[in-house]
Amino acid sequence: MTDPVHPFFASLAEQLNRGATRAALGLLSFRSAPLREHLHTVFQSTPGTGDSFLADPVFEASFGWRLTEDTLGDLSGRFLHPDVVKALDKPSKTFAEEYTFSTQQHPYQHQLEAWQALIEARPARSVLVTSGTGSGKTECFLIPILHDLATELDTQTGGLTGVRALFLYPLNALIKSQRDRLIAWSEPFSGRIRYCLYNGETPREGKSPWASEVLDRKTLRANPPPILVTNATMLEYMLVRTEDQSILTQSQGKLRWIVIDEAHNYIGSQAAELTLLLRRVLHAFGCRADAVHFIATSATIADSRANTEEQLRDFLADIAGVPPDRVSVVYGQR
Amino acid sequence: MENSELAMARRAEAILTAQLQEHELALQARHDAEARYPDGPLVMERTRPPDFPEQFRYARFSYPYRPVRCAPFVAAQISLHSEERSEEFLFELRQLRDFDPEWFDNAFALALCLSLARHPVTGEGTHP
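Chains as they are written, first to last, in numbering that gives the first Met the number 0: chain E, 0 to 333; chain H, 0 to 127.
It is worth saying that the hints were derived from the structure and are not from the lab. All C-beta atoms, glycine included, are put in the ideal place defined by N, C-alpha and C. Be aware that a few hints might be false.
Pulled a few chain H residues facing chain E out of the computed Cβ check, cut under 8 Å [as the list claims (entries may be wrong)]:
hint : residue
1    : R9
2    : H22
3    : D31
4    : E33
5    : P37
6    : P40
7    : F55
8    : F60
9    : S61
10   : P63
11   : L79
Just chain E, same shape as in the assembly:
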């Protein structure tokens, strides 16, 4: 009998080895081609043997996250905007391997719960998603936001100008990981849905090869994209800096989503400062708290204690300035 599992793990080990070799040689940047070639050959040997780059792989079994009965395809048109489902199913080719969310795939139960709370519920509900690493927390908020933007696109020609969704990250290092996913799923909209990663490293001028990416401050200020990914420090600057005023002016009354990703990293005075900052953001964008969906995600504040749900609800309600009964807490379930 053939063993279908062994080839899978064997190819996975090869894939890991290939990736690690490429990354290491890229970082070392040796000029000598023969040296590069030699190292490439040495590093590529089977993991755990001789001079191999990687040790024997160790696999840890874990329970998967609970799936829904519906596939993503079943939700198209009925619940999610068909263009969003299409973009998830056929993302930008460069990122297809990593970010394809096939129409045949079943979303996780906690993803569907978050989508229902964020898309269907009226008036706008806020959601705190607490779940483990690799449980698709980003999809919990990004898909409803893309659905909302795609629905708005139906009512107009051309792309969207002005910030509708603000993604806040506690550290630049955590922002970068979102770039590929945002390109993968926004690019199918041919530049009608754009995003910008705005932090201290954003260049003054530049041009992205992607229609969906606003790479520089000049374009951001001239034509703000609907999705702005930034951090608390830049947001502070944005509220007071004259040159950023055009972003606020063009986004008046349009802000509908505020995402506080990796919320567990805000502790002490940073959490208090964020709370006050969000009040000023709403004021500067000309929006009311009850018209904005606040979403917080966290990998590590989940707990099985009976009062945890209440504490989490209060946490987001306090930060967002909305009543606790307008906040849903969604747990990842295995």
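We have chain E; now place chain H onto it with these hints.
Same frame as chain E, but now just chain H:
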């Protein structure tokens, strides 16, 4: 020496852990979102053995924050066990300390104290 930090740690560890929490909050407040926290793979590797105190692994934080936070505790453990480490390891520790010497020095002192306090007292002036 009844009122020394070590004696205090033996009597009520919570006093020192409360001080640590204050230093942690101060560390967090000193660095905004634009900060570039240095990585420390060798230091983080040293936090993996089961005898490393769970609370000082800082697993509740996202990875970029952790090496700087863990470094003083790793350094304290190395000091107490008189371990010899590679130049590369020491360089990594220095880089992590340089990011915020105030945090490192305060946390290192407290970490040494907490670790010593957990060792059994074998006699006046005896060290583990």
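Structure-based check of all given hints:
1. Annotation: interface hint on H/R9 violated; nearest CB of chain E at approximately 28 Å, more than 8 Å.
2. For the restraint placing H/H22 at the interface with chain E, the shortest Cβ-Cβ distance is roughly 11 Å, beyond the 8 Å limit, so the hint is violated.
3. For H/D31, the shortest C-beta to C-beta distance to chain E is roughly 4 Å, which falls under 8 Å, so the interface hint holds.
4. Contact between H/E33 and chain E, as hinted, is supported at the beta carbon level, the nearest pair being about 4 Å apart and thus within 8 Å.
5. Interface hint status for H/P37: violated, as the beta-carbon distance to the closest one in chain E is roughly 11 Å, over 8 Å.
6. For H/P40, the interface hint is violated, since its Cβ never comes within 8 Å of a Cβ in chain E; the closest pair sits about 13 Å apart.
7. The interface hint given for H/F55 is violated, since its Cβ lies 16 Å from the closest Cβ of chain E, which is over the 8 Å cut-off.
8. Against a cut-off of 8 Å between C-beta atoms, the interface hint on H/F60 holds, since the closest Cβ of chain E lies about 6 Å away.
9. Proximity of H/S61 to chain E holds as hinted, the smallest CB-CB distance being about 5 Å (cut-off 8 Å).
10. The beta carbon of H/P63 is positioned within 8 Å of a beta carbon in chain E (closest approach about 4 Å), and the interface hint is therefore held.
11. At a threshold of 8 Å, the smallest CB-CB gap from H/L79 to chain E is about 28 Å, leaving the interface hint violated.
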